[in-house]
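The residues making up each chain are set out below.
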Amino acid sequence: DTEVTQTPKHLVMGMTNKKSLKCEQHMGHRAMYWYKQKAKKPPELMFVYSYEKLSINESVPSRFSPECPNSSLLNLHLHALQPEDSALYLCASSQEPLGQGGYTFGSGTRLTVV
Amino acid sequence: GQQLNQSPQSMFIQEGEDVSMNCTSSSIFNTWLWYKQDPGEGPVLLIALYKAGELTSNGRLTAQFGITRKDSFLNISASIPSDVGIYFCAALFGNEKLTFGTGTRLTIIP
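Chains A and B, in that order, are what the protein sequence lines are.
1 is the number of the first residue of the first sequence in my numbering; add one for each residue after it.
1 is the number of the first residue of the second sequence in my numbering; add one for each residue after it.
Taking lysine-lysine pairs in the PhoX-like style, the calculated list, with each CA pair at most 25 Å apart, reads:
| hint | chain 1 | residue 1 | chain 2 | residue 2 |
| --- | --- | --- | --- | --- |
| 1 | B | Lys-97 | A | Lys-41 |
| 2 | B | Lys-97 | A | Lys-22 |
| 3 | A | Lys-53 | B | Lys-97 |
| 4 | B | Lys-70 | A | Lys-41 |
Keep in mind that the hints were calculated from the coordinates and are not lab data.
These figures come from a predicted structure and were not determined experimentally.
Here chain A stands alone, though its shape is the one from the complex (with noise of 0.2 Å):
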């Protein structure tokens, strides 16, 4: 298995919502990460979790939560959002944190705030 799963590929939410992201890998890789792609732009970092613990945090703001319940899987729990925040957010993981090796992003979840 040389992907990287993410579901739902779509959502709508209202503000008022509450509403999770997942992404899974199952390629034994130990860091994974959050973008935001606004269109036409290059994605934008978000988190990263390295060996299961939140590592980078990009000053997102706390309607965006993070959750690594275990090495192959990551959520992104959406509270309160706001119509800006609509974009395409991709998941990827890489074989070590941060290293050298390419990173696998999965197919995103296009994010539409109502």
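With chain A held as given, fit chain B onto it using these hints.
This is chain B only, laid out in the frame that chain A set:
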């Protein structure tokens, strides 16, 4: 912070033409990566480069890690319709975060 200047920003070519794009930086890196992203999908790794001067091919794609460690280029030969998309360079140094270029949008004119 580190920045990658990717050019050109967009390209309009005819099927069968060769394509060349590059990334430059004022900082040195020890890994260069090239990704392709289709609309609504995540980036897919095309080529990874780990040594200065390294030249690597993947089918019709060829990429090089610049000798100064501050740049990289990607060439696509004999373009086909499925090459359409956005190409991102990305680079790493030590334990720093992955830095992305600004992207090159490739369009094939019928």
